[in-house]
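Colleague: Chain by chain, the residues:
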Amino acid sequence: MSPERPRLVLRDVSIAFGGLRAVHEVGFEVRPGEIVGLIGPNGAGKTTLFNIITRIYRPDTGEIHFGDRDLLRLVRHEVIAHGIARTFQNLLLFNQLTALDNVLIGLHSRMRAGLVACGLQLPRMGREERAMRDRAEQALALVGLAGVAGQRARNLPFGHQRLLELARALASEPTLLLLDEPGAGLNAEELDGLTNVIRHIRDDMGIGIVLIGHTMRLVLGISDRVVVLDHGVTIAEGRPGEIRANPDVVRAYLGKAETHAPA
Amino acid sequence: MRRPGRGWGAGIGWLLATAGLAALAAVLPEYPRFVLSLTLVNAIAAMGVNLSMGYAGQVSVGHAGFAAIGAYTTAILMGRLDVSFWATLPVGGALAILCGILIGLPALKLSHLYIAMVTFGFGQVVNLISLNWVDLTNGPNGLAVPPTSLGGYVFSPDSFYYIIAAFFLVLSWIAGNIVRSRMGRGFLAIRDSEVAAESMGVHLAKYKTIAFAVGAFYGGMSGALYAGLSNYVNPDAFIFPVSVLYLTMNVVGGMGTLAGPVVGALVFTVMPELLRGFAEYKEFLSGGLLLLFLVFFPEGLVGMLDRLGDKLVRSAPAGTASATDVA
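In order, the protein sequence lines correspond to chains A and B. Counting from 1, one number per residue, gives the positions in the first sequence under this note's numbering. Counting from 1, one number per residue, gives the positions in the second sequence under this note's numbering.
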């Protein structure tokens with residue numbers, strides 16, 4: 001663990017697709033070891049923001065810094081090597097591969113073996129592979145999937161697939177984790193388990209987390225701060241308690257989308 | 001479940017494969033042994049298609065072009081410049097890799113359909129060159145390839161089998177190593193989801209280029225061995241249907257599995273020999289098999305066995321899964 005952990009700072013980030021303002025002048029910060037919840041109705045621009053941070057989209061304007069690094073200068077595959085890992089709303093697992101191999105791909109940026117070392121099974125490649133297998137197994141154990149390491153991702157139940165995405169992102173030992181609706185489709189019991197894992201990641205591993213969620217219970221329950229987006233614009237930012245009491249938020253989101261009272 | 005494929009078990013597996021190929025040589029008469037040689041040569045080319053397409057998802061319908069480059073490099077260097085067979089191999093391999101990289105460059109920005117067109121075009125161009133650059137290739141009449149020698153011993157087509165078997169084993173071993181390593185996982189990641197692969201740090205352009213280059217190298221090696229085995233090359237051996245045949249071997253055997261291309265090569269090299277009397281139906285039969293597998297068994301023979309194994313694992317009590325995987 002490095003002593004100096006970077007902060008993520010977004011400033012005035014905007015992007016439009018055609019005429020649609022998907023994200024408009026959004027700015028927020030994520031400090032190490034804190035969970036920032038990102039909520040808002042469908043189409044609010046939450047996932048778009050993740051795609052901007054991970055360099056899938058280039059913003060029209062704005063700045064994104066991670067520590068003293070200008071993220072907009074990186075290309076997509078370099079992002080994870082700088083300590084930012086993510087999960088996907090629609091689960092982008094490598095379905096044919098085992099759970100363990102999925103997590104090992106998450107460790108790709110932490111490995112060095114090239115074509116010759118891999119093809120000829122050079123000793124240094126073997127050492128690296130063994131070390132990374134250990135790390136991958138630890139990541140699986142952390143989310144409670146140690147028992148299914150050898151099973152193909154496609155054969156896992158949905159809740160396990162969500163956890164597997166989390167393990168794959170965690171394995172690279174990121175300093176910032178972007179979780180896109182990790183609770184979607186989970187039952188109450190699985191949601192409790194997930195909440196505990198996310199708390200553990202923040203409290204014991206000191207990783208900063210941005211948490212996108214439809215499930216208000218999860219996001220308001222564990223976030224340190226919450227940013228509320230609506231139609232690409234920040235309509236509120238504050239502690240979970242403030243967000244619950246904010247009339248704009250209630251009007252834009254809670255009142256319509258959420259039928260049961262947030263816990 | 002997939003075993004790690006390392007350690008004692010793997011060593012014993014390779015020992016058995018080597019012993020098996022040697023034993024076959026001892027019992028098989030001359031002609032069946034030649035067919036087995038051809039099977040292994042085809043298997044090497046099919047492995048190339050498998051690495052590029054089955055693992056990395058980069059469509060190839062021009063692999064006969066890479067084989068032609070390997071074969072003609074060996075034939076021209078040996079026949080015209082008196083270079084030894086062994087010295088032609090790295091040259092042919094390097095030329096094939098170079099072509100693979102050049103083909104890969106435009107493909108980096110193209111979708112599957114267009115990559116297919118590019119590789120198809122490449123195969124056609126190589127074939128046209130071999131037909132029409134008569135000064136270099138002797139055109140449709142082809143080139144005779146002198147026999148290969150090693151330390152005074154001159155190989156016959158019969159004993160050339162051992163060279164082919166040795167290359168087959170080594171290249172299979174390397175392919176297995178690649179697909180079970182960081183490199184192969186990068187290929188698979190690209191195949192399944194480019195977005196997820198990049199988010200995991202896989203350098204798309206680099207890995208696609210490597211996938212093309214490695215696949216091309218296997219094609220080139222296959223061609224060079226073919227030239228050494230048959231002592232003759234001509235353009236007919238590398239026409240478009242041959243590229244399709246390599247593809248068909250993978251589809252029927254099991255694309256994206258290590259054994260798939262080998263099983264497919266066995267089926268499609270031995271079957272025409274067994275069905276000699278029905279030679280005119282050969283294309284019909286292989287086309288029919290291709291369709292049948294694409295529609296009903298897209299995972300191929302080996303993939304079907306894998307799935308069966310999967311079912312057995314899932315029906316086994318939970319918890320047994322992790323124990324065998326730790327190695």
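The reader is advised that the hints may include incorrect statements.
[Claimed, not checked] Stretch by stretch, here's where chain B covers chain A in the computed footprint (C-beta under 8 Å, at least three residues):
1. 24 to 32
2. 71 to 78
3. 81 to 88
4. 118 to 130
5. 196 to 202
[Stated by the list, open to error] For the chain B half of the interface with chain A, some residues (derived, Cβ under 7 Å), not all of them:
6. R33
7. L89
8. I174
9. V202
Since the hints were derived computationally from the structure, they do not count as laboratory data. These numbers come from a predicted model, not from an experiment. For every residue, glycine included, the Cβ atom is placed at its ideal position computed from N, Cα and C.
Colleague: Hint by hint, note whether the structure agrees.
Modeller: Structure-based check of each hint:
1. Figure legend: the segment 24 to 32 of chain A, annotated as covered by chain B; annotation inconsistent (0 residues with Cβ-Cβ distances under 8 Å, at least 3 required).
2. Counting residues of the segment 71 to 78 of chain A whose beta carbon lies closer than 8 Å to any beta carbon of chain B gives 3, which meets the minimum of three for the stated coverage.
3. With 4 residues having a beta carbon nearer than 8 Å to a beta carbon of chain B, the segment 81 to 88 of chain A meets the requirement of three or more and the stated coverage holds.
4. Against chain B, the segment 118 to 130 of chain A contributes 8 residues with a C-beta closer than 8 Å to a partner C-beta. That satisfies the three-residue criterion, and the hint holds.
5. Only when three residues or more bring their CB closer than 8 Å to a CB of chain B does the claim for the segment 196 to 202 of chain A stand; here the count is 0, and the claim is violated.
6. Annotation: interface hint on R33(B) violated; nearest CB of chain A at approximately 29 Å, more than 7 Å.
7. Hint status for L89(B) relative to chain A: violated, with the closest Cβ pair at about 16 Å, above 7 Å.
8. With a least beta-carbon distance of about 5 Å to chain A, the hint placing I174(B) at the interface is held under the 7 Å criterion.
9. A distance limit of 7 Å between C-beta atoms decides the matter here; for V202(B) the minimum to chain A is near 6 Å, and the interface restraint holds.
Comparing the model with each earlier hint shows violations of hints 1, 5, 6, 7; every other hint is respected.
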